[in-house]
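Colleague: Chain by chain, the residues run as shown.
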Amino acid sequence: AQRVTQPEKLLSVFKGAPVELKCNYSYSGSPELFWYVQYSRQRLQLLLRHISRESIKGFTADLNKGETSFHLKKPFAQEEDSAMYYCALSGFEAAGNKLTFGGGTRVLVKP
Amino acid sequence: KAGVTQTPRYLIKTRGQQVTLSCSPISGHRSVSWYQQTPGQGLQFLFEYFSETQRNKGNFPGRFSGRQFSNSRSEMNVSTLELGDSALYLCASVRSDLGTDTQYFGPGTRLTVL
Chain H
1 AQRVTQPEKL
11 LSVFKGAPVE
21 LKCNYSYSGS
31 PELFWYVQYS
41 RQRLQLLLRH
51 ISRESIKGFT
61 ADLNKGETSF
71 HLKKPFAQEE
81 DSAMYYCALS
91 GFEAAGNKLT
101 FGGGTRVLVK
111 P
Chain X
1 KAGVTQTPRY
11 LIKTRGQQVT
21 LSCSPISGHR
31 SVSWYQQTPG
41 QGLQFLFEYF
51 SETQRNKGNF
61 PGRFSGRQFS
71 NSRSEMNVST
81 LELGDSALYL
91 CASVRSDLGT
101 DTQYFGPGTR
111 LTVL
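Read top to bottom, the protein sequences are chains H and X. Quick note on the working numbering: the first sequence kicks off at 1 and runs consecutively. Quick note on the working numbering: the second sequence kicks off at 1 and runs consecutively.
One should not assume that every hint holds.
Calculated cross-link-like contacts (lysine-lysine; reagent style DSSO-like; alpha-carbon spacing at most 30 Å) [as the list claims (entries may be wrong)]:
1) K65/H <-> K22/H
2) K13/X <-> K65/H
3) K110/H <-> K9/H
4) K22/H <-> K57/H
5) K57/H <-> K110/H
6) K22/H <-> K9/H
7) K22/H <-> K13/X
8) K73/H <-> K9/H
9) K57/X <-> K65/H
Over 12 Å on every C-beta distance to chain H, these chain X residues come out as not near it, computed from the model [unchecked claim]:
10) L43
11) G58
12) S79
13) R95
Please keep in mind that the hints were generated in silico from the structure rather than gathered at the bench. Please read all numbers here as calculations on a predicted model, not as lab measurements. The beta carbon of each residue, even a glycine, is placed where N, CA and C say it ideally should be.
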């Protein structure tokens with residue numbers, strides 16, 4: 001079974017401070033991990049995926065298979081980063097596409 | 001390319017009624033997934049369609065069904081609506097790229113059941 005846990009429901013940081021959103025997963029195979037972001041009144045959009053090893057809007061995330069984690073980090077938070085962030089996992093145990101989402105973390109960046 | 005579109009954006013129904021939601025994926029994408037988003041349960045997978053066939057199904061009762069047409073457009077239907085079906089229903093269009101499938105979401109249909 002697939003499971004994604006985001007332990008923090010709310011993260012409040014000051015502008016310019018580092019921010020780290022935790023994501024832990026449970027999956028027996030080799031998962032694909034994603035971070036999605038939902039800004040106020042906007043659709044859910046892909047932020048980054050582990051397979052790309054990219055940095056988007058200053059955010060990075062590293063897949064740690066030993067700790068089964070995929071934490072999202074940004075060294076200097078900006079006010080426009082305030083949003084809801086979801087970690088998601090896609091497994092290969094069945095054909096097709098099924099994303100299992102964590103409960104989400106709301107990030108509030110204060111000026 | 002135009003993004004994923006969903007219609008209608010808002011719906012109000014009463015208990016016992018049925019509802020049909022529509023999703024048009026990004027041009028060229030052949031797979032469509034549906035999700036239910038509620039404050040209590042978060043984002044939950046409903047089902048996925050690929051080439052007009054249901055390929056995956058989540059843990060929802062049989063009142064929830066869907067289909068996909070030859071042009072990849074998809075519909076989902078909920079029969080005998082219950083108050084608990086009030087939610088944001090999201091459709092995702094899937095791009096297969098270099099062995100990775102990435103889902104792109106529509107704006108959602110907000111269903112309110114009274």
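Colleague: Hints numbered earlier in the text: which of these fail when held up against the supplied structure?
Modeller: Hints 2, 7, 10, 11 and 13 not satisfied by this model.
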